[in-house]
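A.B. asks: Residue numbers (our numbering), protein chains in the order written: chain X, 1 to 222; chain W, 1 to 183.
Derived by calculation from the structure, the hints in this document are not laboratory data. Here the structure is a predicted model, which means the values were calculated and not measured. Any given hint might turn out to be false.
Said to hold, decoys possible - Beta-carbon label-pair distances, calculated as ranges:
| # | chain 1 | residue 1 | chain 2 | residue 2 | range |
| --- | --- | --- | --- | --- | --- |
| 1 | W | R32 | X | T5 | 27 to 33 Å |
| 2 | X | M23 | W | A120 | 37 to 43 Å |
| 3 | X | R176 | W | A157 | 43 to 49 Å |
Said to hold, decoys possible - Away from chain X, derived, C-beta distances all over 12 Å, residues of chain W:
| # | residue |
| --- | --- |
| 4 | G39 |
| 5 | A55 |
| 6 | E149 |
To be verified - Covered, in the sense of this in silico footprint (three residues per stretch, anywhere, with C-beta under 8 Å from a C-beta of chain W), are these stretches of chain X:
| # | region |
| --- | --- |
| 7 | 50-64 |
| 8 | 200-207 |
We put the beta carbon where it would ideally sit given N, CA and C, even for glycine.
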Amino acid sequence: MTLDTRARRAAQGIHRAVEVMEMTTFTKEPRKVERFERFRDRKQRNRRIGAIAVATALAIGALVVVSSGALDRGQGAIPGDRDEVQPTPPSFEAQIGIVTQSETGCVTDSAIGEGHLDGLTVVNETDRRVSFDLAKFVSTDLSYAELEAYVDRERRRGEAGRSSLGLPKGVEVTVRAEVQPGASSAIAEQIPPGRYAILCLRAFDQVSSMRPFALAGPVVFE
Amino acid sequence: MALYSEGSRSVAEGSEPAAVGSAETFEDFYVREFPAVVGLAYALSGSRSGAEDLAQEAFLAAHRGWDRVGKYDQPGAWVRRVVANLSVSVFRRRVAEGKALAQVALGQTPALPELSAEDAEFWQVVRSLPRRQAQAIALHYLEDLSVAEVARVLGTAEGTVKKQLHDGRRALARRLELEEDDA
């Protein structure tokens, strides 16, 4: 048997499996888009639950720290003092986005694009050092699609060993995070509110400096 | 910053024309493309229970950016690139495996049936290839895409895809002890 024959047969196996899945689920949900709506709703609910769990854990952690501090102060503690240091549980649902740079591109998780983010975690799945630039849109002259086209051109220039075009007008890089191979990093510093795109950067074979490779976003930080 | 020190310029200079797409609704796009995207996720992730989630994640990303993605010439290529990247992501695979275990524990059966042993072995060997080769092979055979089409989906040069397909096919033939066609 040749490779092509085997491969086409294996592809047919996948097609058949998907057809079976389609028939099975169609009996449950005749309107195909229902599956997507259910998935979307479940993701939103899970994110809310996750945010509440994080907020609760933070509040409990703060309470434990405060309580142990009060105990350390021993007999000298004055009743009523505790009220002054009672932590306030976070009153917001923290939205943390994840951007993953792999050998093939930059992928964002579902939190990105939801409307706003409170923080960002960047993940490097490659075997080389990479960077992530938070580029803030400072004017309406530049659209996200135009920035995407710019990154595409920069990537091709990088692959060809050509010089950089330079960052287009309309965006400013506010934060850069460098991440070691296989590691991740949380961008913890204060991110000024605004609309951003995330430029994923890496060194190319013929260019040693970090150059745009892919784009993720747009995201809004509040 | 050194990266951008060569001066700023407008992206309008030499930029490609903006993609113009039909005004297809997201729902129509989803219904048409979902089966093929699940198939790609299944082949590249090997997870019966995770493949549908990976495909849904990709469509969720498309849905959120539909104002932009829907105007592309081929939004289907965009969503395939997303799912191809998600499916080979180590992090996502671990999430999918975790969900699969949870489903087993709850007695739920994945909607996707198991592949025959022969087909499962083939895709397992594909997944053992370097990511780019695996993606190129899966797109080429599953969707019968040409080199140019695979390059468009993966956002890379045709020459690169040609080499990835060549290397991938050679590795597959060797590992599966098959005769390589003269393609």
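A.B. asks: I'd like to know which numbered hints this structure contradicts. Please list them from smallest to largest.
C.D. replies: 2, 3, 4, 5, 7, 8
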